[in-house]
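J.: Listed below, chain by chain, are the residues.
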Amino acid sequence: MANLLWLQGGACSGNTMSFLNAEEPSACDLVTDFGINVLWHPSLGMELGENLQKMMKALVSGEIPLDIFVFEGSVVNAPGGTGEWNRFAGRPMKDWVADLAKVSNFVVAIGDCATWGGIPATAPNPSDSVGLQFLKRAHGGALGAGYRSKAGLPVINVPGCPAHPDWITQIVVAVATGRAGDLSLDEFQRPKTFFTSFTQTGCTRNMHFAYKVSATEFGQRKGCLFYDLGCRGPMTHSPCNRILWNRQSSKTRAGMPCMGCTEPEFPFFDLAPGTVFKTQTVMGVPKDMPTGVDKTGYIKLTAAAKAASPAWAEEEIFVV
Amino acid sequence: MSAAVQTLDISPVGRVEGDLDVRVDIQDGVVVNAWTSAELFRGFEIILRDKDPQAGLVVTPRACGICGASHLTCAAWALDTAWKTTVPRNAILARNLGQIVESIQSLPRHHYGLFMIDYTNKNYSNSAYYEEAVKRWSPFTGTNYEIGVTISGRPVEIYALLGGQWPHSSYMVPGGVMCAPTLTDVTRAWSILEHFRRNWMEPIWLGCTLERYEEIRSYDDLMAWLDERPEHANSDLGLFWRMSLDIGLDKYGRGHDRYVSWGYLPHEDRYNKPTIESRNASLIMKSGVYNGTTDTHKLMDQSFTREDVGRAWYDEPGHLHPFERTTKAIQKNEVDHEGRYSWSVAVTHDQDGRLEAGPLSRQLIAGGRHGESWQHYDPLVLDIYKKLGGASVMLRHFARMHEGVKLYREAERILREFRLKDSWYEKPTEKDGRGWGRPRRFAGPCATGSRCRTARSRTIRSSRRRPGMSARARTMVPAARSRRP
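Order-wise, the sequence lines are chains A and B.
Read in order, the letters of the first sequence correspond to residues 1 to 320 in this note's numbering.
Read in order, the letters of the second sequence correspond to residues 321 to 805 in this note's numbering.
Among the hints, a few may not be true.
Unchecked claim - Quick partial rundown of chain A residues pointing at chain B, CB under 8 Å, derived from the structure:
(1) N15
(2) M17
(3) A27
(4) V38
(5) L48
(6) L52
(7) T122
(8) P124
(9) E217
(10) R221
(11) W245
(12) R247
Unchecked claim - Derived pair list, reagent style DSS-like, types lysine-lysine, alpha-carbon separation capped at 30 Å:
(13) A:K287 x B:K747
(14) B:K593 x B:K404
(15) A:K278 x A:K306
(16) B:K442 x A:K57
(17) B:K751 x A:K222
(18) A:K222 x B:K593
(19) B:K751 x A:K287
(20) A:K306 x A:K295
(21) A:K300 x A:K278
(22) B:K404 x A:K222
(23) B:K706 x B:K726
(24) A:K287 x A:K212
(25) B:K747 x A:K212
(26) A:K136 x A:K287
Hints were generated in silico from the structure; no laboratory data involved.
From the three backbone atoms N, C-alpha and C, an ideal C-beta is built for every residue, glycine too.
So that you can see chain A by itself, here it is in the shape it has in the complex (with noise of 0.2 Å):
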């Protein structure tokens, strides 16, 4: 039986719905499969008030063990360091996240606001909000660099706006049941199983890449969104294209531009005018090119594959 705590900083839920979706395993899996014992969530959980303040300042003394602390949603700093414009249970959030962290045997950060600030870390930042352990790409965040908790861990990040619930109900059923040692984390703390492989690795539109073959305009059944849409598919750490969401699709099968949720800087370029949906490019050649491909390179292949492109990739390929 392993306690799990769930709790929400500077969060949208977004992640707990996400959660909702898992099938395998599902949400109440956990629950009656896996042994994992929900003490309480903002979203399902039963008491409220003085019940709950009990139960965590029980937490916090070690009277009751704490397993999983689960964390969606950034830590709040403001105003002037004091996190009061987030308070929880009558005391600033950041406060409980830092006593929470010292007793805790895991502590998993769901989601971009966890893991690096995400939305709300967005310039200007309004609430000085940052990740469990890091903001952006930066080490630290509100728990510092040099945190682990008890079981000898940094936090477990799982990024991503939000997360996948596989990744969500994975991870928590790897560290519930004895199996945190098989986890490799990545130097951005991200379990590599998921986030070694880039968002287009399975994509449907990756013949389009290889021709060179443009989706100039939203709504086209054919095409790359890489090369005018922004898509940031070739360099974003995902398995969006291997584990599908909502066992359904990903954004770049439907037609909509990778933003690289998973990746530190989300939103990029701080949604500056001009960068949204747009490819950005300096003399036609894109900014922000494939992990690994260097400029020249990417010049050459991009004339090999002009001319080695079929008739058939400027036409419709997901055809009514």
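Could you slot chain B onto chain A? The hints should help.
T.: Below, chain B without anything else, positioned relative to chain A:
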């Protein structure tokens, strides 16, 4: 001689989107005053300032992960209005379908995950229905809880077919939608709807076919339906209704009898060139203000909207139209129940004052004969409202769930209406302008003002009573978002 006033501070109140604290004054076992304090500020309006116009498509859905499609719809329509875009017929249908499936998803999720679990509270153990409630509705382990929460993920699979994922896609854009569904997408979507109907709506929620349920047009019809077969009485709807009466939830949560809906679901042939002025006459689900005291309906006009920031932590004056808001957060947000005590603002109507919004309001307005002759009309909830003498916790929840069958039928219609070989997007010209949309929340309550407000678009939101709370203290004033009277 009445008893002294007892003050109760509850921090936090869970199962609300956002961190919410409540203070209530109780006298003779009755709540005589209430303050709700939304305790989170992220400043989305501030983040959006000076950003790309289309940043609203990325940021505003993320104000709320529960009702992101509503925010996205709103952001897209606001840009269409500002840029004077033509929106293809297919795109209007595809946007509506996204909003509908998000709503249908939220019904079982709210019903089991957020609402019915309170019926298993031991305070109700004297009820004859208690044992069955515990069996069905206990969190995570209840038989119908598990079925309901698990199946709630299915409708948004249709959202993923359109936008790649739910929550948080930005597939609705000015000029249309990003997707161009194929025949296989449509067939798959249809099959998902059927699965949801055959595995939850009919056997578990209703205990009858949708067709039989649709015959219910009045309170008397509903009572006759309940007695007609044991399957009806023992369905989750039947048991919800009977247990609610038994534990008295038909008597709590009166409200103040004035309601608003902005209307929703733009008609695919009537709102292709959206303007602020033409909106009311272009919607399938009409807008309106309903006054329960005088039993009168009228249309809602956005120009009457005001945000009262006087009790909220913003350094802004008095009653403002949303277009005039500047979102100046006060640095030191001390809770002062005599002064400012929340990040939420009180949204009011310039002529009619405070109005309740939400599912009950939408259904009461659906019962009005105002609006266009072709717009949706449904007399059921208004009839029950009158027969039972007003609003209650029970009727609010019923109204929410009642919408499900109608939205289901509209989703079916949309799948038939798509013209797959026609366009889904018409590239707009970007320009300066002012637009207006409306994030309609289908889902649960929302505590934090900054979460459900999008730039240049606001909604009047309703309160929701928590049965576990209101059973202990009769609520006389709307709990959420109340101002001191």
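J.: CA of K278 (chain A) to CA of K306 (chain A), is that 30 Å or under?
T.: Holds, at about 21 Å.
J.: Have a go at the M17 (chain A) hint: is there a Cβ in chain B nearer than 8 Å to its own Cβ?
T.: Since chain B brings a Cβ to about 5 Å from M17 (chain A), closer than 8 Å, the hint holds.
J.: So if I understand the rule, the pair passes when the alpha-carbon distance is 30 Å or less; does K300 (chain A) with K278 (chain A) pass?
T.: holds, 23 Å
J.: Checking one constraint from the list: CA of K136 (chain A) to CA of K287 (chain A), max 30 Å. Satisfied?
T.: The hint holds at about 20 Å.
J.: Can you verify the interface hint for L48 (chain A): is its Cβ closer than 8 Å to any Cβ in chain B?
T.: holds, 5 Å
J.: Are the Cα positions of K306 (chain A) and K295 (chain A) separated by 30 Å at most?
T.: holds, 16 Å
J.: Go through the hint on E217 (chain A) and say holds or violated, using the shortest Cβ distance to chain B against 8 Å.
T.: Hint on E217 (chain A): holds, closest Cβ of chain B at ~5 Å, below 8 Å.
J.: Between K442 (chain B) and K57 (chain A), is the straight-line Cα distance small enough, at 30 Å or below?
T.: holds, 24 Å
J.: Within a Cα-Cα threshold of 30 Å, do K593 (chain B) and K404 (chain B) meet the stated pairing?
T.: holds, 7 Å
J.: Between the alpha carbons of K751 (chain B) and K222 (chain A), is the straight-line distance 30 Å or under?
T.: At roughly 28 Å apart (the allowed maximum being 30 Å), K222 (chain A) and K751 (chain B) satisfy the hint.
J.: Please check whether V38 (chain A) passes as an interface residue: C-beta within 8 Å of a C-beta belonging to chain B.
T.: Given a least distance of 7 Å, the restraint on V38 (chain A) holds.
J.: Under the criterion that the straight-line Cα-Cα distance not exceed 30 Å, is the pair K706 (chain B), K726 (chain B) satisfied?
T.: Distance ~21 Å between K706 (chain B) and K726 (chain B) Cα, so the pair holds.
Hint check: no violations occur; every hint is consistent with the structure.
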